[in-house]
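So you can see what is in the structure, the chains are spelled out below.
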Amino acid sequence: IKLFLSKEAVLSTHLYEYPALMLSLLHSFDEVYYGQFVSLYMKRVFFIDESGPPLGHMILALGGYLGDFDGNFVWNRIGAEYTSNVPVWTLRLIPALCGSLCVPLGYLLVVELGYSHFTALGASLLLLMENSLIVQSRFMLLDSVLIFFLLLAVVSYLRFHKHLCCFSSLWKWLWLFLSGTSCAFAVGVKYMGLFTYLLLLGLAAVHTWHVIGDKTLCNVMLVQVVVRFLVLVVMPALLYLGFFYVHLILLYRSGPHDQMMSSAFQASLEGGLSRITQGQPLEVAFGSQVTLRSASSKPLPCWLHSHKANYPIRYENGRGSSHQQQVTCYPFKDVNNWWIIKDPSRQSLVVSSPPRPVRHGDIIQLLHGMTSRFLNTHDVAAPMSPHSQEVTGYIDFNVSMPAQNLWRVDITNRESDRDVWKTILSEVQLIHVNTSAVLKLSGASLPDWGFRQLEVVGDKIYKGYQQSGVWNVEEHRYGKSHEQKERELELKSPTHDDISRNLTFMAKFIELQWKMLTVRNEESEHKYSSLPLEWITMDTNIAYWLHPSNNAQIHLIGNSVTWTLANLALFIYVLLFLTYLLRRRRKIEDIPEACWEQLVLAGVVCSGGWVVNYLPFFLMEKTLFLYHYLPALTFQILQIPVVVEHLYTHVLRSPSQHKAFGGVILAALCSVYFCYRIFSPLTYGQPELTSEELAALRWRDSWDILFRKR
Amino acid sequence: MEGRCGEGSHTQSPSCAAVRSRKPCMDTGKHREKASSKKTEPRRATRPSSSDTRGLNGTSTEKRLRYSDCDYTPLCPLLSVAALSLCTRFYRITEPPHVCWDETHFGKMGSYYINRTFFFDVHPPLGKMLIGLAGYLTGYDGTFPFIKPGDKYEHHNYWGMRGFCAVLGSCLPPFAFLVVLELSHSTPAALITASLLIFDTGYITLSQYILLDPILMFFIMGAVLSMVKFNHQRLRPFSWSWWLWLLLTGVNLSGSLGVKFVGLFNILLVGINTAWDLWRLLGDLHLSLVDFMKHLIARMFGLIMLPLFLYTTIFAVHFVILNRSGPGDGFFSSAFQSRLIGNNLHNATMPEYLAYGSIITLKNLRIAGGYLHSHWHLYPEGVGAHQQQVTAYLHKDYNNLWLVKRPNSDDFTWNPELIRHGDIIRLEHKETTRNLHSHLHEAPLTKKHLQVTGYGINGTGDPNDLWQVEVCGGKKGDPVKVLRSKVRLLHRSTGCVLYSSGKTLPKWGWEQVEVTCSPYLKETPNSQWNIEDHVNPKLPNISLHVLKPSFLEILLESHIVMIRGNSGLKPKDNEINSKPWHWPINYQGLRFSGVNETEYRVYLLGNPVIWWLNLFSLGLFVVMVSLCCVALQRGAKLGGTKKGKQVLMEGGGLLFLGWLLHYLPFYTMGRILYYHHYFPAMLFSSMLTGITTLDLVGMLSTKLGSFFYLFHPLSYGMNGPLAHDPTSSMAGLRWLDSWEF
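Chain order of the listed sequences is U and A. Each residue of the first sequence is one higher than the last, beginning at 1 in full-length UniProt numbering. Each residue of the second sequence is one higher than the last, beginning at 1 in full-length UniProt numbering.
Some hints could be false.
In silico EDC-like pairs for lysine to aspartate or glutamate, Cα to Cα no more than 16 Å straight-line [claimed, not checked]: (1) A:Lys522 / U:Glu415; (2) U:Lys460 / A:Glu740; (3) A:Lys448 / U:Asp70; (4) U:Lys587 / A:Glu740.
Now the in silico label distances, taken between C-beta atoms and shown as ranges [said to hold, decoys possible]: (5) A:Ser567 / U:Ile48: 45 to 53 Å; (6) A:Leu569 / U:Trp449: 30 to 38 Å; (7) U:Ser169 / A:Trp243: 54 to 62 Å; (8) A:Gln633 / U:His650: 26 to 34 Å.
A few chain U positions that, by computed beta-carbon distances, are all more than 10 Å from chain A [what the hints assert, rightly or not]: (9) Leu101; (10) Trp209; (11) Ile212; (12) Gln453.
If you are wondering where the hints come from, they were derived from the structure by calculation, not from laboratory data. Quick caveat: nothing in here was measured; it's all calculated off a predicted structure. We put the CB at the ideal spot given by N, CA and C, even for glycine.
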């Protein structure tokens with residue numbers, strides 16, 4: 001009970017530290033990034049964020065919801081003052097709560113690993129006085145939430161594992177259930193959670209393997225294995241789907257990221273494309289007026305386009321062109337994106353009644369609505385991609401270059417060979433009849449004479465399925481006007497009529513998840529980005545905030561003493577582990593079997609947690625920051641007390657050694673505390689320091705501490 | 001044979017029974033008998049004492065007998081495998097008589113060795129050296145330029161190089177045969193494996209041209225074979241054959257690493273195997289620690305020291321052979337270049353000390369650092385100030401020349417004044433007459449640093465063009481020595497130091513290397529420069545001795561250059577590139593030669609039946625092993641199949657690990673990947689198939705031959721209409737739309 005009390009005290013001191021800056025009406029660094037998504041949640045506007053699954057954003061948005069945030073704030077400048085409608089306190093509440101709960105969870109984790117309460121108290125003290133964890137949890141950021149779920153998952157799994165003896169205990173399965181849930185939550189907050197989840201799965205797999213080997217169990221064994229599988233694998237997967245389900249339910253309005261999604265997806269959002277496409281005819285017919293969107297959204301979504309400008313007679317490199325009208329792909333909605341589908345055997349440009357739908361395999365001509373040129377390709381090298389054919393709007397210059405404007409419609413996602421070409425839903429390849437070239441986006445953009453629009457070519461050596469060669473009809477209406485003038489007016493007017501279409505949740509989920517994983521922003525180095533190698537020694541920091549008028553500032557800087565101790569502990573652990581391992585192999589038992597198993601389990605959780613959360617960053621190519629190291633650091637810090645207790649009980653034997661070691665521990669704790677005190681001005685942003693004091697705090701040359709010039 | 005079984009142990013051991021029961025599928029009883037009776041006699045005599053101590057208990061005697069009994073090589077199948085693979089690899093080897101695909105690189109590099117001109121390549125030199133040697137021995141004179149694929153060889157002797165690759169390539173099936181035989185003790189399994197490799201069109205295509213892959217795979221297979229043989233010797237430690245296979249493993253490892261860095265995966269495989277072996281030995285309490293240390297040291301010598309020594313020897317030979325200046329000079333430091341005959345630094349004569357009015361080039365001291373460079377192109381909008389780009393460039397070029405000027409005036413007095421430590425200078429770019437300039441804008445890639453630009457017209461600029469010269473380790477008043485001094489350039493107004501970050505600029509910067517001004521003044525080679533070329537007509541030229549770099553420095557430098565080069569091979573934006581998941585399913589091949597129907601075409605594509613069979617057997621293996629493991633864990637008795645299980649778990653496990661190690665790392669690679677990268681992994685997969693699908697023997701060997709006949713034109717070349725044309729003779733064989741023959 002005494003220990004529990006001290007734990008509570010630990011918790012409350014940690015919380016107590018928060019309100020100090022909570023009232024400060026400024027925001028910092030990545031809050032700008034997450035803040036915009038919170039605003040979008042409040043406004044129910046759809047967005048896509050490739051940095052992580054939606055649960056993290058939803059948790060932050062929950063804070064906004066609790067504080068009645070209306071989402072009206074422009075998150076564009078670091079250091080801008082919050083207006084009165086932003087509930088800063090509630091927005092920062094959840095990360096802060098999670099951050100402070102990490103401290104008791106660290107305590108519980110060490111206890112569950114089988115170590116004493118004193119050791120556990122040491123662990124929670126170290127976590128408590130870790131400046132970087134404090135800074136990270138005091139803002140509207142996700143790392144503390146992630147660490148919370150990671151620790152919770154591990155603690156509850158260890159609880160479950162300890163209950164191994166009694167099979168029917170409900171509590172035991174509740175712990176397992178909690179573990180599975182928090183795994184899902186951790187992965188849902190950031191993809192990074194996946195690493196710890198995999199570690200936990202590995203641990204569970206080894207334990208399950210022992211269960212399988214337990215020959216006293218028969219049918220129970222199978223049940224055990226199946227339940228573990230369901231709770232640790234299937235349930236997290238379902239929960240992960242659930243997060244996306246809630247995400248898509250919440251965000252039903254169209255917004256700034258619409259264009260990254262397919263037409264069908266956009267049409268399912270309220271406003272935006274669905275307002276335009278609502279009521280379009282479904283089946284494309286001869287005489288239809290359409291806009292053709294390229295399925296490839298790299299680098300930008302775009303529509304097949306032509307305009308009253310010809311290819312230059314000679315390019316800069318001396319090659320010649322046909323000097324016919326340019327055909328390009330244009331990333332904006334424009335009246336020049338409209339094309340009319342014409343039956344080559346008839347003159348009519350309107351839809352007959354009843355409409356004659358275009359089917360897979362039909363031959364069509366495409367007439368540009370505003371300039372009345374036919375889409376044409378021929379054996380002339382394209383301007384930017386000379387191995388492909390030039391695509392033009394055909395102009396007859398009377399130079400024995402006949403029109404080659406017949407195209408065959410090839411529906412790639414057809415169900416039968418007589419499928420009708422459907423608006424939005426059908427993905428179509430246009431294959432040139434004379435040369436069997438495929439109309440496709442080359443990916444290059446034209447120089448100034450082509451107004452920097454994207455190049456469209458006919459590819460003769462097209463193979464397989466490429467997104468760049470697939471088009472779909474986005475806007476569509478049945479043409480009614482016979483005269484060119486009327487038709488131009490018609491093209492400029494919005495479309496009407498009525499049909500509705502819905503995507504299933506799974507289709508939406510798969511599309512959204514795929515986009516999130518594949519869309520990469522052009523990421524370059526940031527002023528505060530760093531390399532994984534710099535993290536171990538904390539050679540880098542991040543400035544989060546600087547007071548607009550004085551030297552008060554907040555930095556992500558860890559407690560140097562703790563970081564050093566953690567590295568040391570890891571090193572000693574590896575050394576101990578290897579020594580014991582080799583000696584055990586020679587059947588020399590220095591420590592009892594139970595103690596060895598305890599040491600191994602602690603190593604798997606702490607060192608393993610550090611390894612899986614740290615090493616993968618060496619393989620990543622995205623921009624990395626110091627805060628990516630925090631989950632690994634948390635596990636590494638938990639290693640310190642584990643190693644200390646082991647040294648105390650098993651390695652040091654005489655009482656004098658014990659006393660001396662106790663002194664060392666006390667000294668280490670004191671220096672941790674002093675380091676924490678010294679850096680707390682940079683952690684809490686107050687009190688303001690003078691330039692000299694700041695310079696004294698710059699323990700490493702590579703730290704960027706800001707000095708305001710007076 | 002049977003007599004020996006009786007001799008060794010009076011009770012019939014199960015292995016003897018197994019050997020006998022297998023007899024019907026053998027056709028070489030006689031050879032077997034001869035071989036075994038010859039081999040086993042001396043071995044028994046030289047049996048080492050350490051195994052004698054354990055030989056006392058019955059089981060171990062039995063085990064040894066079993067091993068020695070099975071230690072034969074069915075010569076006839078082996079010879080026929082070798083003959084068949086030679087035939088398939090050499091058939092129409094001189095066709096097509098023009099340069100195919102990467103022959104343009106490796107053939108060219110072979111010629112460089114013959115001509116002894118220095119070049120730079122991302123792969124270690126052994127493969128190209130062997131190609132060059134083969135060409136040299138067969139009378140190729142190194143004069144063919146190998147400019148682009150499709151160039152006709154005409155009178156040049158190219159068949160020697162191709163033949164050499166084909167010989168190494170045709171070693172693969174016999175090697176695989178021996179490996180599987182060793183692991184499974186079953187000739188049918190070994191025959192399946194060998195036939196998979198013999199009749200695979202992909203291997204044939206890859207072995208017929210001047211490429212590194214047959215050489216690489218030869219060494220990989222050699223290492224695996226010697227490793228497996230070595231494992232087999234574990235009951236006779238420190239015997240001569242034990243040492244032979246250990247050393248051979250080491251030699252092959254250094255060979256595979258010396259051809260391509262992919263050899264590292266192979267080293268990993270051998271490493272894991274050795275670690276496992278040592279772990280087993282450590283747990284054997286009969287073995288004293290001294291004996292264990294002997295084992296450890298022997299392995300360290302054979303598998304670490306020896307390969308390392310051979311690997312460095314390869315490089316030593318490489319540097320000794322290539323002693324003339326060539327296209328690869330600029331990648332290396334000034335000191336390195338001075339070794340090369342024909343380079344302007346070889347026995348260079350130039351003014352010794354830097355003076356005002358000199359025209360110089362500045363080379364960054366970072367390993368494989370470039371020359372300070374500028375050109376008539378501006379930084380694009382949004383990247384710092386819209387001024388002229390300054391970069392680091394690895395090739396020698398007129399745009400690398402800079403003029404050293406006084407801070408304020410342009411006049412050069414007749415007596416040129418030397419520049420000393422602490423002096424302030426301006427650097428004017430010779431071609432564009434802009435000054436080296438820096439200011440408070442962030443650099444294009446390294447955002448913590450400041451941007452460096454070319455600024456001003458005709459040498460007139462502003463105070464931001466002033467740089468302070470510092471000689472590293474020098475004091476005020478020291479003159480700046482050309483080539484030898486390490487110089488730092490400190491920006492006068494911001495206090496930052498000229499720095500080359502080593503990051504490649506995007507397309508707008510012509511993929512040259514970024515140059516910045518770093519506010520961190522820590523001494524690194526990135527911020528140090530040396531003066532390489534130095535022209536000053538008013539100063540006397542003096543013959544200069546550059547400190548010759550030691551061999552180890554050259555070795556390190558060339559490795560860093562290679563690694564940089566490798567990671568620099570990024571896929572271009574609009575190119576369709578091959579993904580690792582394409583490979584095992586044989587999704588898309590690789591054009592070796594020719595595109596349209598008038599040309600002679602060769603297409604690298606695996607025999608689809610073999611590849612899909614391999615894929616299937618990989619799955620089968622995983623299922624079988626996991627079932628087996630669960631059954632064992634539950635304590636089920638697997639009775640008579642114990643031996644089969646051991647073969648499956650140990651032999652199969654080793655091969656499966658090999659497949660994983662040669663395949664999975666490609667998923668993490670950022671560089672551009674090709675279909676042919678899968679072939680080493682495929683070797684392991686084929687051997688695994690041999691082990692897992694023993695039962696399907698009869699059916700397969702007939703089927704494979706027939707499909708080989710159908711698909712053989714892919715590798716031997718074909719004419720006439722393309723396969724998507726229904727009239728083509730290959731029309732029926734285009735099983736996937738993405739195959740483009």
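Hints versus structure:
| no. | hint | in the structure |
| --- | --- | --- |
| 1 | A:Lys522 / U:Glu415 | 66 Å, violated |
| 2 | U:Lys460 / A:Glu740 | 12 Å, holds |
| 3 | A:Lys448 / U:Asp70 | 37 Å, violated |
| 4 | U:Lys587 / A:Glu740 | 62 Å, violated |
| 5 | A:Ser567 / U:Ile48: 45 to 53 Å | 30 Å, violated |
| 6 | A:Leu569 / U:Trp449: 30 to 38 Å | 33 Å, holds |
| 7 | U:Ser169 / A:Trp243: 54 to 62 Å | 60 Å, holds |
| 8 | A:Gln633 / U:His650: 26 to 34 Å | 32 Å, holds |
| 9 | Leu101 | 35 Å, holds |
| 10 | Trp209 | 7 Å, violated |
| 11 | Ile212 | 5 Å, violated |
| 12 | Gln453 | 16 Å, holds |
Figure legend: structure checked against the earlier numbered hints; hints not met, in rising order: 1, 3, 4, 5, 10, 11.
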